[in-house]
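With the sequences and hints as input, model every part of the structure.
In case you want the letters, here they are:
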Amino acid sequence: MTIARRTAEYVAHQATIWVGALLLVIPFLWMISTSLKPSAEIFSPTWLPSTIEWGNYTRALTEIPVLLYARNTVFITILCIVGYLVSGSMVAYAFSRLRWPGRDAWFLVMLSTMMLPPQVTIVPSFVIFRQLGWINTYYPLIVPAFLSGWPFFIFLMRQFFLTIPQDLAEAAKIDGASHFMVYRTIMLPLAKPALATVAIFAFFLHWNDFFGPLIYLTEDSKFTLALGLMTFAAKHQNEWSQLMAVSIVMLLPSLVVFFLCQRYFVEGIATTGSKG
Amino acid sequence: MAAHPSRAHGLATWINRREWLVGYLFASPWLLGFLIFSLVPILLSFYYSFCKYDVLRPPMFVGLDNYRYLFMESPRFLTAIANTLYYTAVRLPLMMVGSLALAMLLARPMPGIGLARTIYYMPSIVSGVALSIIWLWMFNPQFGLINRSLAIFGVPGPLWLESPNWSKEAIILMGIWSLGGGRMVVLIAGINAIPNQLYEAARVDGANRWQQLRHITLPQLSGPLFLLTIVEVITSFQVFTEAYLMTRGGPLNSSLFYNLELYFVAFQDYDMGLASAMAWILFAATMIVTFLLFAASRRLVYYESGKP
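Protein chains in written order, with our numbering: chain Y, 21 to 296; chain E, 10 to 317.
Keep in mind that the hints were calculated from the coordinates and are not lab data. Each statement offered as a hint is correct.
Calculated lysine to aspartate or glutamate pairs in the EDC-like style (CA-CA distance at most 20 angstroms, straight line):
#	chain 1	residue 1	chain 2	residue 2
1	Y	255	E	171
2	Y	212	Y	187
3	Y	193	E	28
4	Y	255	Y	239
5	Y	242	Y	83
6	Y	255	Y	240
One-sided and incomplete, this derived list gives chain E residues near chain Y with beta-carbon spacing under 10 angstroms:
#	residue
7	29
8	145
9	253
10	275
Sample of chain E residues at the chain Y side, in silico, Cβ under 8 angstroms:
#	residue
11	31
12	32
13	43
14	46
15	50
16	114
17	138
18	139
19	146
20	154
21	285
22	288
The model shown is predicted, which means the values in this text are computed figures rather than measured ones. Note that the Cβ used here is the ideal one computed from N, Cα and C, for glycine as well.
Shown next as structure tokens:
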């Protein structure tokens, strides 16, 4: 291959990548542009508004209690993350480092629940939570996290625990450490990357969750951002600038988390994907 | 797996028994959760599927009535199945070819590749609600960016979400925009795991790009591709949020997907028996398709050791 041809191919390759990337971000850019347009210009095809209308944001933020919704969402999300980390790491420890009868059978059961469509359990779960008087509370959204309601996280942590060398734990046990101490002082600190991956996945799972809040929360003041945004969208169907403004407010924290934690994020997906 | 510890010694047995207890103790959060949020609901759901049940009054056993109604009488059930199958059949090849093309484009290290991958992945983190709102605006027949762009080339755009002929296609397009990058990341990991010698040997033998793709990349990547196929089918069978927010199943039930109909039956009609029957049919269909895919994979998926 001649140098000229190789250069041409390289340029074409790079160009394809960046044209594709541009096409991909256009909806985001269009969203930002729309959110800043004065109402007279929403339906005109210009990209840059004649004046930047921050009022869309303030109006959107005052018309629906975004801060309240954000606080509700943060509350649910943080508790769920804690729940998955505590319960999931314990169970993962049991599945990777402890010997107990039925362990491998239970592990298979756990893997098969990952295949179960959530629709099968959604109706009876709703009925159970209703019997408990938990409709319009956060319990149905949070309690399952403390009982490892997302077995994929256990799986992810177990796979990581298996890669941690046994020697340290063995030495600690000879020195008289209990299983709890080994778990607490050796496994958890060494498993930080896996815990971080789970925390990030759990963040997106609950920050973006729509179905759970939709069926369990009935009162306006308890809504999450996703549910509040949906209600707002249903009421203001053609107020595109405000809709875009609220969507951006909801997206910002996700984007911040994504850019700060990219490394864990992409690695986590890649490893789980290739290991099946 | 470690060898079973000796049971001969009394102390060993005692330690052993303690370890049993500790094992169950550590696993208890999930065991409890499995019992409350999986096992009991599964049994209840199976029972409900043979009942008339509206939550307010106790369930009343009606035998196979719900199943018979779904297949023989329901005006919407078969439409929902047809729409879901169509959605899956169109989306699966587009997503696989699209994410594979992206992965091949972005697999090799080159300047700026990290940033490019990040940008391609970014849509995956957008919440379903925000995603739907953005794309309602993009697909707006009069003022949406898509039809505006088509108009520049003199192409009259369709009504997209407002047209019975285009609503499913619109939701598929949006799905590929939002998830293609995530699928790509998985495939990039797979591509990078392919030993370079294979390509070098092929080049020495004079294989062209197409032959390298056909005889090295695709067979070596068949594991991840198979995995993604299963994930794609299951995800497509369960499509809900976008349709719920953007079309409510319309127009003319053209985007009434299975899960959407299940939601309407369960949480608008409060016909929990019928909804449970639908859930079990979906479960059975998922299992059958997964099984068929696994059976097919024995012929199509290449494993290094020669055996799956």
